[in-house]
Amino acid sequence: MKTKLTIVAALAAAVLAGPAVAKDYKSITIATEGAYKPWNFKDASGKLVGFEIDFAEELCKRMGIKCKIVEQAWDGIIPSLKAGKYDAIIAGMSITEKRKKVITFSRDYLAGGGSFAVMKSSPIAGLKVMVSKVNLKDISAAEQGEIDALNKALAGKTIGVQTATTHENFVRKYLSKDIKIRTYDTQENLDLDLEAGRVDAALASMNYWVPLLKTDKGKDFSLLGPHLSGGVFGDGTGSGIRKEDQKLADMMSKAITSTLKDGSCATMATKWFGYDACSQP
Amino acid sequence: MDLTILGWGDTGWGDEMFYGALMTLAVAACAYALGIAIGTGFAAMKLSGSVSLRVVADLYTTVVRGIPELLIIYLVFFGGGSVLRWVAKGIFGYGEFIDLPLFVTGMVCIGVSAGAYATEVIRGAVLAVPVGQIEAARAIGMSKSKRFWRILVPQVARYALPGLGNVWQLTLKETSLISVIGLVEIMRQATVGAGSTKEPFTFYITAFVLYLCLASLSNRGFIRAEVWANRGVRTT
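Just so you know, the protein sequences line up as chains A and B, in that order.
The first sequence runs 1 to 281 under my numbering.
The second sequence runs 1 to 236 under my numbering.
Hints are not guaranteed to be accurate.
Unchecked claim - From the structure, some residues in chain A lie toward chain B, with a derived Cβ separation under 7 Å:
no., residue
1, 36
2, 38
3, 42
4, 46
5, 64
6, 68
7, 72
8, 75
9, 141
10, 142
Unchecked claim - Result set (SDA-like, lysine to any residue): computed pairs, CA atoms no more than 25 Å apart in a straight line:
no., chain 1, residue 1, chain 2, residue 2
11, A, 82, B, 25
12, B, 198, A, 137
13, A, 137, A, 82
14, A, 47, B, 25
15, A, 133, A, 266
16, A, 271, B, 100
17, A, 133, A, 26
18, A, 214, A, 243
19, A, 217, B, 86
20, A, 243, B, 78
21, A, 219, A, 242
22, B, 146, B, 232
23, A, 180, A, 147
24, A, 47, B, 79
25, A, 47, B, 86
26, A, 47, B, 26
27, A, 247, B, 86
28, B, 198, A, 208
29, A, 82, B, 75
30, A, 180, A, 121
31, A, 247, B, 99
32, A, 101, B, 79
33, A, 68, B, 104
34, A, 26, B, 88
35, B, 198, A, 43
36, A, 68, B, 59
37, A, 82, B, 176
38, A, 254, A, 43
39, B, 198, A, 274
40, B, 146, B, 170
Worth flagging that the hints you see were computed from the coordinates, not collected in a lab.
Even glycine gets a Cβ: it sits at the ideal position worked out from N, Cα and C.
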């Protein structure tokens, strides 16, 4: 009876103890969705390509570890991470409070957020930008200057946003009261009114404007002011990692910061997105 | 709709979609076979005299038919994997990740669900065979195995085939759910293609056509099987 108890106790201890030794990250597996162009997708030969494939490979090079990139349907991407099927998610995943309850994130590498657009013929179209990226998380004096400049340029004008979006949150919080705000149910309707002159400027995500400006539909638009991100726009895109692998998350963050500092992130982003979508270092 | 993106080889998605369809068919066929085996076993349990066997079989069909298929997949794939790792780490001290084979996991999930429906179909078919025929067979001195193979099986097959055809169609469509665990079948391949080319319509229509082809071709097979099982039965 006593020996039986000892065995049970030993088993229980072994189960409860878990992995005591800190893991050495020599090789990791990274999951991506493979169906989110141009972040991560597949070419017609079935090969994974996209910004995040290039970016993940660059991160692994900088961390000095071997990486295997696998595809995983979006539906099961967090449970499979937690189950240990792979060690990190690099799949255009926004850092949110809700997700942070179950997994941890590296720092952000893509800023997300948005920008204003106006008609090329508009009198405010040529607004000078001193700081091209404004992060609302902690606003520096120079960044505040950009927001003030926007407010000055748009004073007395009407701007449009799609309703119930982070962009609406931005205009309600940061724009002065003498700017009239019109909300739209769809972005297409907003574009039509921008073209018709019913609104003087429209705020939407950079990932929407940049491809649009290259098409026939958007050829008369131009971007106005800085690329706004952070704060009400959310915390950007990061790599999702299991909470117990905080050390790996720190390694990732360090590698990400180095790609942001030396401009290699910007080069890759410009190749895939058509503009520098990267976060500030 | 630009059909060149559905070309064969490295420049098009046609081959990827085709292999996706083969995967769907393979999973569905294996899961169906498993479902029929499970269904036969549990139908026998339900019809047996033993109360405990009946309770077990009732529990199985009630639970499995009562919960969504997707939940079974999540439970088996994520839950099963965690339990397996927990056991491996706690008892054998093996802390590495144990990968459940995708194909087998998917097949088991779908098969377990198909089995619950097949159980009821087969049970109903057995009950539809008139008791008088078994009694008559016994009266002319047929052995137990002869009664089973000559009297019961051909008639059960006849009564069960339409219902089992339904179970097959259900199984075929349920395979689309296992795309969540990463098995690349029609639905997963269509999602990838749609997201990668920004041509969702082309890919979902292709998936539609592929499912319809698989369903209608197999439906023909079942009609033939039914005709065969009904040979010698007066229809009017």
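Hint consistency between residue 271 of chain A and residue 100 of chain B [alpha-carbon to alpha-carbon, up to 25 Å]: Distance ~38 Å between residue 271 of chain A and residue 100 of chain B Cα, so the pair is violated.
So if I understand the rule, the pair passes when the alpha-carbon distance is 25 Å or less; does residue 47 of chain A with residue 79 of chain B pass? violated (30 Å)
Can the restraint linking residue 47 of chain A and residue 86 of chain B be considered satisfied, given a maximum Cα separation of 25 Å? violated (34 Å)
Take the C-alpha atoms of residue 247 of chain A and residue 86 of chain B, compute the straight-line distance between them, and say whether it is at most 25 Å. It holds: about 23 Å lies between the C-alpha atoms, which stays within 25 Å.
Pair hint residue 101 of chain A and residue 79 of chain B, alpha-carbon separation not exceeding 25 Å: Roughly 19 Å separates the two Cα atoms, so the pair holds.
Per the CB criterion, is residue 64 of chain A less than 7 Å away from chain B? violated (22 Å)
Does residue 42 of chain A pass the interface check with chain B, least Cβ-Cβ distance below 7 Å? holds (5 Å)
Interface hint status, residue 141 of chain A versus chain B (Cβ within 7 Å): Since chain B brings no Cβ nearer than about 41 Å to residue 141 of chain A, farther than 7 Å, the hint is violated.
Hey, residue 82 of chain A versus residue 25 of chain B, does the alpha-carbon distance stay inside 25 Å? At roughly 30 Å apart (the allowed maximum being 25 Å), residue 25 of chain B and residue 82 of chain A break the hint.
Does the CB of residue 38 of chain A sit less than 7 Å away from some CB of chain B? Status violated, d = 9 Å.
Tell me if the straight-line CA distance from residue 137 of chain A to residue 82 of chain A falls inside 25 Å. violated (29 Å)
CA of residue 68 of chain A to CA of residue 59 of chain B, is that 25 Å or under? violated (43 Å)
Hint compliance for this structure: hints 2, 5, 6, 9, 10, 11, 12, 13, 16, 17, 18, 19, 21, 24, 25, 36, 38 and 40 are broken, all remaining hints hold.
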